[in-house]
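J.: Read top to bottom, the protein sequences are chains L and P.
Numbering of the first sequence is given in this note's numbering, commencing with residue 1 and proceeding in unit increments.
Numbering of the second sequence is given in this note's numbering, commencing with residue 1 and proceeding in unit increments.
Because the hints were derived from the structure by calculation, they are not lab data.
A hint or two may mislead.
[Said to hold, decoys possible] Taking lysine to aspartate or glutamate and the EDC-like style, the derived pairs with C-alpha atoms no more than 20 Å apart in a straight line are: (1) L:Lys149 / L:Glu99; (2) L:Lys92 / L:Glu79; (3) L:Lys130 / L:Asp154; (4) L:Lys38 / P:Glu95; (5) L:Lys93 / L:Glu79; (6) L:Lys149 / L:Glu79; (7) P:Lys96 / L:Asp42; (8) P:Lys96 / L:Asp46; (9) L:Lys117 / L:Glu99; (10) L:Lys80 / L:Glu121; (11) P:Lys96 / L:Glu43; (12) L:Lys84 / L:Glu102.
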Amino acid sequence: MKKQKTTFYANHIAIFATIFLLVISYPLSFFIVFIVPKSAIDESQDFARYLFASICFSVSTLYAIFSVNLAFSKVTIDEKGIHKSLFKKYFKKTILWTEAKEIKLYNRVDTWIFISKVPMEGMTYQQLLKHKGIIQVTAVKEIKDLIIKYSSIDIEKKD
Amino acid sequence: MYLDSSGESFIAILGTIALGAVIGGVSGLIAAAINGEDLGAGFLSGAVSGAIIATGLAISLALPTVGGVIASSLSGFIGGGFGDVLNQAWNYGWEKVDWWHSVGVGGLSAVFTLGIFGCLSNIYRSTPSIFGSITDTSISLISRIGNSLSISSTTFYLGLNYGAISTFMNSMFNLTIQDSRSNFGEEIVIDAILI
Numbered sequence: 001m002k003k004q005k006t007t008f009y010a011n012h013i014a015i016f017a018t019i020f021l022l023v024i025s026y027p028l029s030f031f032i033v034f035i036v037p038k039s040a041i042d043e044s045q046d047f048a049r050y051l052f053a054s055i056c057f058s059v060s061t062l063y064a065i066f067s068v069n070l071a072f073s074k075v076t077i078d079e080k081g082i083h084k085s086l087f088k089k090y091f092k093k094t095i096l097w098t099e100a101k102e103i104k105l106y107n108r109v110d111t112w113i114f115i116s117k118v119p120m121e122g123m124t125y126q127q128l129l130k131h132k133g134i135i136q137v138t139a140v141k142e143i144k145d146l147i148i149k150y151s152s153i154d155i156e157k158k159d
Numbered sequence: 001m002y003l004d005s006s007g008e009s010f011i012a013i014l015g016t017i018a019l020g021a022v023i024g025g026v027s028g029l030i031a032a033a034i035n036g037e038d039l040g041a042g043f044l045s046g047a048v049s050g051a052i053i054a055t056g057l058a059i060s061l062a063l064p065t066v067g068g069v070i071a072s073s074l075s076g077f078i079g080g081g082f083g084d085v086l087n088q089a090w091n092y093g094w095e096k097v098d099w100w101h102s103v104g105v106g107g108l109s110a111v112f113t114l115g116i117f118g119c120l121s122n123i124y125r126s127t128p129s130i131f132g133s134i135t136d137t138s139i140s141l142i143s144r145i146g147n148s149l150s151i152s153s154t155t156f157y158l159g160l161n162y163g164a165i166s167t168f169m170n171s172m173f174n175l176t177i178q179d180s181r182s183n184f185g186e187e188i189v190i191d192a193i194l195i
């Protein structure tokens, strides 16, 4: 019998965002620095060319570094609760099913599941993201099925 | 629970990118016609800008505030700046690209894209019902991608916001920033007065 998958990337859009920015900016920076010919207008144009490439390269690199936690954290769902961590070591967060107060679906670009230790009534999307007692995961079918399997709380749509 | 049974809400993201690219291309075409430049270059650069900016804005809205600010402004810079580079390279050749012009267009585009990100964040916060339908994730990813390419009211609304406004402004920036090439190749004569 096939073993059921219980570990998932938590934020698919963040992975897409990181890859999108890197895939566009790195080849573009390389192209501008190494392939585009020297300017025939004046020397300051080459400075501007390098400036353009370095902004693309450095800002996207900084973004990638600071979004590692956001993009590459994984959640594991088992009979005890939902556990989130980066590379199984860092930024660990757990919500046991006995602690969970609410589980809600929220639509913001993609559809998300928020599992919370506190009532989420009246909280905005950004407040939900910042709250330490809340875990956000992309609402894929396998995750929903596992939550339904292990938790007694109904998944509701957040107003 | 309210279900978006078509699965489009996954963002209609690909439909949004496609629509952003088309609207960006048409905006670039209009700007090229006004500027007396190559229409193909205008369309290509507008389409590239539209696709990059639309994607950046769409993903920015799902990220935490700081991530959203960086992603939207960076996509605005790359979309606006690189679109301008392509436009110039097509019209004048790679050696005659005015990189200061492209940095300027990219900078303005970054600021403007950031502004749109702020406005859309507020719209999302104040009227979540506009985007309230929940994706039916039991539909296969391929079907959801297929559905998202159809023009629904959500796709159209988002495409208009993500792609159209910013790429239209981007094309306008193109017309307003001073081009260094206007002096390129011209002989500058300075009269000296000897006392």
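J.: So, against the hints stated earlier in the document, which numbers end up violated here?
T.: The structure breaks hints 3, 10; every other hint is satisfied.
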